[in-house]
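Engineer: So the protein sequences, as listed, match chains A and B. Read in the numbering used here, the first sequence has 108 at position 106, and its numbers run on one by one without any break. Read in the numbering used here, the second sequence has 88 at position 53, and its numbers run on one by one without any break.
Worth flagging that the hints you see were computed from the coordinates, not collected in a lab. Glycine is no exception: its CB is placed at the ideal position from the N, C-alpha and C atoms. Don't take every hint at face value.
[As the list claims (entries may be wrong)] So, partial list: chain B residues that the calculated Cβ filter (under 8 angstroms) puts toward chain A: (1) D41; (2) E47; (3) L48; (4) I52; (5) I94; (6) L98; (7) V99; (8) Q116; (9) H117; (10) Y126; (11) T134; (12) E136.
Residues per chain are reported as follows:
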Amino acid sequence: MRHKKFHGSEIAARALAKANSGGSYGNGPDGWVAKIPLYAGERPTPGGVNDLRRTGRAIVYQLINKDGNTDPRTSFDLALFWKDYIDYDKLTLDYDTFDPNGDLTCQIVLEMPEVPPSFEVSFAYNIETTYNGELQAKNEILEILPDD
Amino acid sequence: MKILVDPQYNPELQPQITSATKLGPGITCAKFLGARGSRTQFEKLYAPGFFGAADRKQIARNLVLHANAMQTIIGNPSFYQHRLVVSEGIYEPNPSFETQEIPW
Chain A
3 MRHKKFHGSE
13 IAARALAKAN
23 SGGSYGNGPD
33 GWVAKIPLYA
43 GERPTPGGVN
53 DLRRTGRAIV
63 YQLINKDGNT
73 DPRTSFDLAL
83 FWKDYIDYDK
93 LTLDYDTFDP
103 NGDLTCQIVL
113 EMPEVPPSFE
123 VSFAYNIETT
133 YNGELQAKNE
143 ILEILPDD
Chain B
36 MKILVDPQYN
46 PELQPQITSA
56 TKLGPGITCA
66 KFLGARGSRT
76 QFEKLYAPGF
86 FGAADRKQIA
96 RNLVLHANAM
106 QTIIGNPSFY
116 QHRLVVSEGI
126 YEPNPSFETQ
136 EIPW
């Protein structure tokens with residue numbers, strides 16, 4: 003009876019290990035155990051920019067000038083140009099001063115709809131301006147200029 | 036709205052999607068995979084068995100719209116003194132695993 007129960011546990015541990023990628027099983031001091039790898043990495047917020055970036059729906063762009071720095075003035079012009087000339091789900095003009103030397107940096111986040119094999123899509127045309135991650139304006143592109 | 040895609044840049048017509056797959060004139064998938072802030076490869080995308088393999092055709096189809104957006108800047112006289120770069124492209128969550136022991 004004891005042997006049967008012991009055998010049953012081994013089968014269960016083996017089945018569980020087999021059912022999970024990278025799983026293993028063995029007989030430890032407390033009996034049979036299944037070792038299952040548990041994903042402990044980052045899980046992007048569903049619908050967030052990082053989640054959309056996983057499938058290429060969102061991409062972050064920077065406009066670099068001749069000195070190799072982002073140019074907030076021209077980035078604003080580009081955001082205005084894209085607002086009128088391309089199709090998108092959401093266009094975010096994102097300013098920040100996270101650079102250690104305090105410079106104003108600017109990037110444009112373009113979010114697109116998921117494209118089916120038929121290439122039939124619809125666009126939401128949302129616009130946002132953010133500064134250091136804080137929303138500054140919705141449905142509007144604001145120009146934030148560096149201190150000269 | 037139906038997006039019109041040049042057949043030579045249509046991912047649906049490509050036998051396989053690699054980083055060299057063209058999405059527009061002078062724009063390949065590598066442009067979005069090799070961004071400064073998020074360098075990755077198709078082969079590395081997603082932890083196998085947990086997120087499932089990357090759907091390369093879906094990714095490439097989505098990127099076609101971005102390639103079209105980039106096309107509007109290339110050769111545009113308003114931005115001829117500037118360079119448009121992808122600062123954060125395709126995102127690969129940092130996979131990390133802990134082992135969980137289940138006793139029987």
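Engineer: It remains to establish, for every hint, whether it holds in the given structure.
Structural biologist: Here is how each hint holds up against the structure:
no.: 1; hint: D41; verdict: 12 angstroms, violated
no.: 2; hint: E47; verdict: 6 angstroms, holds
no.: 3; hint: L48; verdict: 11 angstroms, violated
no.: 4; hint: I52; verdict: 11 angstroms, violated
no.: 5; hint: I94; verdict: 4 angstroms, holds
no.: 6; hint: L98; verdict: 4 angstroms, holds
no.: 7; hint: V99; verdict: 7 angstroms, holds
no.: 8; hint: Q116; verdict: 6 angstroms, holds
no.: 9; hint: H117; verdict: 5 angstroms, holds
no.: 10; hint: Y126; verdict: 4 angstroms, holds
no.: 11; hint: T134; verdict: 5 angstroms, holds
no.: 12; hint: E136; verdict: 5 angstroms, holds
Consistency with the previously given hints fails for numbers 1, 3, 4, ordered from lowest to highest.
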